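Line by line, the protein sequences are chains A and B.
Each residue of the first sequence is one higher than the one before, counting from 1 in the numbering used here.
Each residue of the second sequence is one higher than the one before, counting from 1 in the numbering used here.
Note that these hints are calculated values from the structure, not bench results.
A quick note: this is a predicted structure, and the numbers were derived from the prediction, not measured.
The beta-carbon is built from N, C-alpha and C at its ideal position, and this holds for glycine as well.
Among the hints, a few may not be true.
Only part of the chain B face toward chain A is listed, based on derived beta-carbon distances under 10 Å [as the list claims (entries may be wrong)]:
no.	residue
1	MET53
2	GLU55
3	ILE63
4	GLY66
5	VAL139
6	GLN141
7	GLU219
8	LEU226
9	THR228
10	VAL241
11	CYS242
12	LYS258
13	PHE260
14	ALA262
15	VAL263
16	LEU268
Output of the computed footprint for chain B on chain A, the stretches with three or more beta carbons under 8 Å from beta carbons of chain B [stated by the list, open to error]:
no.	stretch
17	206-213
18	236-244
19	249-256
20	270-283
Away from chain B, derived, C-beta distances all over 12 Å, residues of chain A [to be verified]:
no.	residue
21	ASN104
22	GLU219
23	ASN259
24	ALA262
25	PRO313
26	GLY323
Number of protein chains: 2
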Amino acid sequence: MSNRMVKLARRPTGMAKREDFKIEDGPVPEPGPGEFRVKVEYISLDPAMRGWMAEGKSYVPPIAIGELMRGYAAGTVDKSNNPGFKPGDAVQGLFGVQKYAISNGERVVKVDTSQAPLQRWIGGLGMPGWTAYFGLIEVGQPKAGESVVVSAASGAVGSVVGQIAKIKGCRAVGIAGGPEKCRHVTQELGFDACVDYKAGNLAGQLKEACPKGIDVYFENVGGEILDTVLLQMNLRGRIPVCGLISAYNATQLPPGPKNFRAVLTQRLKVQGLIVFDWADRVPEAIAQLGAWYKEGKLKIREDVREGGVDAFPEVLNLLYTGGNMGKLVLKV
Amino acid sequence: MSNRMVKLARRPTGMAKREDFKIEDGPVPEPGPGEFRVKVEYISLDPAMRGWMAEGKSYVPPIAIGELMRGYAAGTVDKSNNPGFKPGDAVQGLFGVQKYAISNGERVVKVDTSQAPLQRWIGGLGMPGWTAYFGLIEVGQPKAGESVVVSAASGAVGSVVGQIAKIKGCRAVGIAGGPEKCRHVTQELGFDACVDYKAGNLAGQLKEACPKGIDVYFENVGGEILDTVLLQMNLRGRIPVCGLISAYNATQLPPGPKNFRAVLTQRLKVQGLIVFDWADRVPEAIAQLGAWYKEGKLKIREDVREGGVDAFPEVLNLLYTGGNMGKLVLKV
Numbered sequence: 001m002s003n004r005m006v007k008l009a010r011r012p013t014g015m016a017k018r019e020d021f022k023i024e025d026g027p028v029p030e031p032g033p034g035e036f037r038v039k040v041e042y043i044s045l046d047p048a049m050r051g052w053m054a055e056g057k058s059y060v061p062p063i064a065i066g067e068l069m070r071g072y073a074a075g076t077v078d079k080s081n082n083p084g085f086k087p088g089d090a091v092q093g094l095f096g097v098q099k100y101a102i103s104n105g106e107r108v109v110k111v112d113t114s115q116a117p118l119q120r121w122i123g124g125l126g127m128p129g130w131t132a133y134f135g136l137i138e139v140g141q142p143k144a145g146e147s148v149v150v151s152a153a154s155g156a157v158g159s160v161v162g163q164i165a166k167i168k169g170c171r172a173v174g175i176a177g178g179p180e181k182c183r184h185v186t187q188e189l190g191f192d193a194c195v196d197y198k199a200g201n202l203a204g205q206l207k208e209a210c211p212k213g214i215d216v217y218f219e220n221v222g223g224e225i226l227d228t229v230l231l232q233m234n235l236r237g238r239i240p241v242c243g244l245i246s247a248y249n250a251t252q253l254p255p256g257p258k259n260f261r262a263v264l265t266q267r268l269k270v271q272g273l274i275v276f277d278w279a280d281r282v283p284e285a286i287a288q289l290g291a292w293y294k295e296g297k298l299k300i301r302e303d304v305r306e307g308g309v310d311a312f313p314e315v316l317n318l319l320y321t322g323g324n325m326g327k328l329v330l331k332v
Numbered sequence: 001m002s003n004r005m006v007k008l009a010r011r012p013t014g015m016a017k018r019e020d021f022k023i024e025d026g027p028v029p030e031p032g033p034g035e036f037r038v039k040v041e042y043i044s045l046d047p048a049m050r051g052w053m054a055e056g057k058s059y060v061p062p063i064a065i066g067e068l069m070r071g072y073a074a075g076t077v078d079k080s081n082n083p084g085f086k087p088g089d090a091v092q093g094l095f096g097v098q099k100y101a102i103s104n105g106e107r108v109v110k111v112d113t114s115q116a117p118l119q120r121w122i123g124g125l126g127m128p129g130w131t132a133y134f135g136l137i138e139v140g141q142p143k144a145g146e147s148v149v150v151s152a153a154s155g156a157v158g159s160v161v162g163q164i165a166k167i168k169g170c171r172a173v174g175i176a177g178g179p180e181k182c183r184h185v186t187q188e189l190g191f192d193a194c195v196d197y198k199a200g201n202l203a204g205q206l207k208e209a210c211p212k213g214i215d216v217y218f219e220n221v222g223g224e225i226l227d228t229v230l231l232q233m234n235l236r237g238r239i240p241v242c243g244l245i246s247a248y249n250a251t252q253l254p255p256g257p258k259n260f261r262a263v264l265t266q267r268l269k270v271q272g273l274i275v276f277d278w279a280d281r282v283p284e285a286i287a288q289l290g291a292w293y294k295e296g297k298l299k300i301r302e303d304v305r306e307g308g309v310d311a312f313p314e315v316l317n318l319l320y321t322g323g324n325m326g327k328l329v330l331k332v
């Protein structure tokens, strides 16, 4: 019995490659006083991971070379010296890309697998769901009757954003790549419309999907999609900026939004967000998302990949090539 | 006795030229029922004027070809059929670039020339002052001890922004072009520091002027200055976007802010503003700015140019070449 760990071997250039990581075995760690051990079962693949590997100022320090790859995961406590967590407890937290993690319980959330399967608690009921919840409601401030557009609409965050928009009485319009994703977004998730950015004429498609303009644009992507949306924003529209995935693997700084002037003429509010900003309100998000899920108002889908931690580099890249549908999860 | 008017002859390409206007005489207009006539004495030159001449969606409809050039002005009522305005009343409003204007009183403000000279009521105590007041306080939300940076710091809006920042207990740092403007900003207006963007190494100068980073950046300029500031913004910084003058005469869409990603990583709030958004609160701005002015806390300077309405095209362009210091005003 050993621990298998994915460590950062060097800073990637462009898309991360297998050689950028060192995948190695070590002894299974033992929990110290006040700590417990988690047997990791599912690892969350998040767009932000690419940023964590890069040098430079960001919202968290970069992963150091030689350090364990940072990552959210869900698993089961298998040994504990912490009275708050006992063997058998299902938990999620920042356990890293490895088979066994040690934790003192900080920022670890106990989850109820009778309510939803374990992997869902790192997806729509976990961090991506909380991000959608706070980002849309607190930053986007959607009002009933408004049009809410979300990019990466079939992804972990986007899929929840559109469904919350519907719950709030808005028109929900997704942007996704390809007919299969668009069909999923409208037919399974219940968005009013979905625009296929790979089909061309994004501006025309968007105009058709949002005949009264766009009030809230929940941004996950950036690049040309942002520029196209900017020209269709209504007066006093809101743009929560949750991600800019189109630029995460760029080797040169990509151009900025050339239609930025719309911010002035339309008096837009463009605001960056990271879920940690509402760390103290996570229980509220869990309770509300859980209730909607139970009532059948919130549909959640994971895209679970096999291969264990060894498959991490290739599975991660599916996020940046649009290869996943729904929350991308690696089964350990 | 005739009225002299500046009309838009064609849409300018790049900087507006004399040939883009038709300057002509007409009869002095007579006020109809409920109307009054204003003898215009000072015309305000505003960066937004260039946008009003351009086609395309903006916050107000473009000036039609052949129509009077839109503009704020101050003058004296000389004939009236409106009980609210009597001959001799000093007023300011959107009277256009002409010698005599007819008004029904809508959005016209009576001003007290015993408190401040007439031209000041289209400057720091007028629309530019109100813009600074609402833009900084409502959108920028400065807190005592924070660092507030403003571009075009010696201009009509910027000069008031920095002084309000000081009144609110902030560190006020200006960005201006050339040592003379910078000296004015620090020595006469009382900013803590002023950075000369023409002197090179803007990033280094800014870092020195804002050693604890930037909390509020009041944007009047855009372009490279915005990109430089973005990389020095503190967590949860605010960027009220009041103007983007660097792009107003561009013949091709200039590049967007390439450091836009800072909006996400620093959770910035970038918000466009136009003073009309607080139209119902103008009396509050007038009262507060007037009080600060009377107490000597607010210094206001106009750059008054001679030549009457005929000089309009050349005087307007001083705004875009940095040729003015303080509120640019044309004396009729």
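Now the hints, each set against the structure:
1. For MET53(B), the shortest C-beta to C-beta distance to chain A is roughly 14 Å, which exceeds 10 Å, and the interface hint is violated.
2. At a threshold of 10 Å, the smallest CB-CB gap from GLU55(B) to chain A is about 13 Å, leaving the interface hint violated.
3. Interface hint at ILE63(B): violated, since its Cβ lies 15 Å from the closest Cβ of chain A, which is beyond the 10 Å cut-off.
4. A least Cβ separation of about 24 Å between GLY66(B) and chain A goes past the 10 Å threshold, and the interface hint is therefore violated.
5. Interface restraint check for VAL139(B): the shortest CB-CB distance to chain A comes to about 9 Å, inside 10 Å, so the restraint holds.
6. At about 13 Å, the closest approach between the beta carbon of GLN141(B) and any beta carbon in chain A exceeds 10 Å, and the interface hint on this residue is violated.
7. The criterion of a C-beta within 10 Å of any C-beta in chain A is met by GLU219(B), whose closest approach is roughly 9 Å, and the hint holds.
8. Taken as an interface hint, LEU226(B) checks out: its beta carbon lies about 9 Å from the nearest beta carbon of chain A, inside 10 Å.
9. At a threshold of 10 Å, the smallest CB-CB gap from THR228(B) to chain A is about 13 Å, leaving the interface hint violated.
10. Hint on VAL241(B) holds. Least Cβ distance to chain A is approximately 5 Å, under the 10 Å limit.
11. Interface hint at CYS242(B): satisfied, since its Cβ lies 8 Å from the closest Cβ of chain A, which is below the 10 Å cut-off.
12. Taking 10 Å as the C-beta cut-off, the interface hint given for LYS258(B) holds, the closest approach to chain A being about 4 Å.
13. The closest approach between the C-beta of PHE260(B) and any C-beta of chain A is roughly 5 Å, which is under the 10 Å cut-off, so the hint is satisfied.
14. The criterion of a C-beta within 10 Å of any C-beta in chain A is met by ALA262(B), whose closest approach is roughly 8 Å, and the hint holds.
15. The criterion of a C-beta within 10 Å of any C-beta in chain A is met by VAL263(B), whose closest approach is roughly 4 Å, and the hint holds.
16. At its closest, the beta carbon of LEU268(B) sits 6 Å from a beta carbon of chain A; the interface hint therefore holds under the 10 Å criterion.
17. By the rule of at least three residues with a Cβ nearer than 8 Å to a Cβ of chain B, the coverage given for the stretch 206-213 of chain A is violated, with 0 such residues.
18. Requiring three or more residues with a Cβ within less than 8 Å of a Cβ of chain B, the coverage given for the stretch 236-244 of chain A holds, as 4 such residues are present.
19. With 4 residues having a Cβ less than 8 Å from any Cβ of chain B, the stretch 249-256 of chain A passes the three-residue criterion, so the hint holds.
20. A stretch counts as covered by a chain when three or more of its residues have a beta carbon under 8 Å from one of that chain; for the stretch 270-283 of chain A and chain B the count is 6, and the coverage holds.
21. Every CB of chain B is more than 12 Å from the CB of ASN104(A) (nearest about 26 Å), matching its label as outside the interface.
22. Its closest Cβ contact with chain B, about 9 Å, brings GLU219(A) to no more than 12 Å, contrary to its assignment away from the interface.
23. A beta-carbon of chain B is positioned within 12 Å of the beta-carbon of ASN259(A); the least distance is around 7 Å.
24. Separation of ALA262(A) from chain B is inadequate, the least Cβ-Cβ distance of about 8 Å not exceeding the 12 Å criterion.
25. In this structure PRO313(A) is separated from chain B by more than 12 Å, as the shortest Cβ-Cβ distance comes to about 24 Å.
26. In this structure GLY323(A) is separated from chain B by more than 12 Å, as the shortest Cβ-Cβ distance comes to about 23 Å.
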